[in-house]
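As you go down the protein sequences, you meet chains A and B in turn. Read in order, the letters of the first sequence are residues 1 to 98 in my numbering. Read in order, the letters of the second sequence are residues 1 to 136 in my numbering.
None of these hints come from the bench; they were simulated from the model. Hints should not be assumed to be uniformly reliable.
[Unchecked claim] Partner residues aside, some chain B positions facing chain A, computed with beta carbon under 10 Å:
| hint | residue |
| --- | --- |
| 1 | V5 |
| 2 | M31 |
| 3 | M34 |
| 4 | D38 |
| 5 | V39 |
| 6 | E42 |
| 7 | E43 |
| 8 | V46 |
| 9 | L87 |
| 10 | T95 |
| 11 | L96 |
| 12 | S97 |
| 13 | A98 |
| 14 | G105 |
| 15 | L106 |
Beta carbons are placed, not taken as given, at the ideal position from N, Cα and C, and that holds for glycine.
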Amino acid sequence: MTINKVVNGKDLIISLAGRLDTTTAPQLDDELKGGLDGVEKLEFDFTDLEYISSAGLRVLLSAQKTMNKQGSMVIKNVSEEINEIFEVTGFVDILTIE
Amino acid sequence: MKEIVLDAKVDNLPQVLSFVDEELEKAECSMKGMMQIDVAVEEIFVNVASYAYEGKEGNCKIEVDADPGNQYVTITFTDEGIPYNPLAKEDPDVTLSAEEREIGGLGIFIVKKSMDKTAYERKDNKNIFSMGYSWA
């Protein structure tokens, strides 16, 4: 998985490519720990994300909890397959998917 | 039917998934099916790797029985670890808000929801977990 970050003032855009699974989720978790200080708008771009497992969902949930306290979080360009996982788990109601 | 026996270690996850995907591709499983099956396989294998042997070394056998004609696959996981029935775990409440949601407990729930059939059996000191999926 590759993680691409673009910072613009208090906005942070994170683009993920590849697979967000048990082996790669800790990478994203590390990026987000401390990396969200001062961020008011967090945007994930999932255009090139092929796969997500519950390990990835856990990282997203934790990011959402952080952002609920300090701003907002949106996820863009979610594939049909990944959206299905969000639906099954009720994450469609927790996350803001655009 | 094809099978693979591996050390029950999270590091072996990519190998497990490529083995399963190869069989699914041969059976011409749908893309959506492969994704849902991969997620389920990951949850079950990682569970076995993390808990079955309580930190000691052990094996996990994975059997893939794909039937292209009926567009159905059965995947079976066998380990010789401590008795553990993942299906006995209570489902998380998926209607709660982010604040109320727990970080864990989602994996097996995804498996139950996305697979057409799940079963657990304890036999000859082995945990045998199987799941079936139809992409018809």
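Practice problem: Determine which of the earlier numbered hints do not hold for this structure and return their numbers in increasing order. | Solution: 1 and 9
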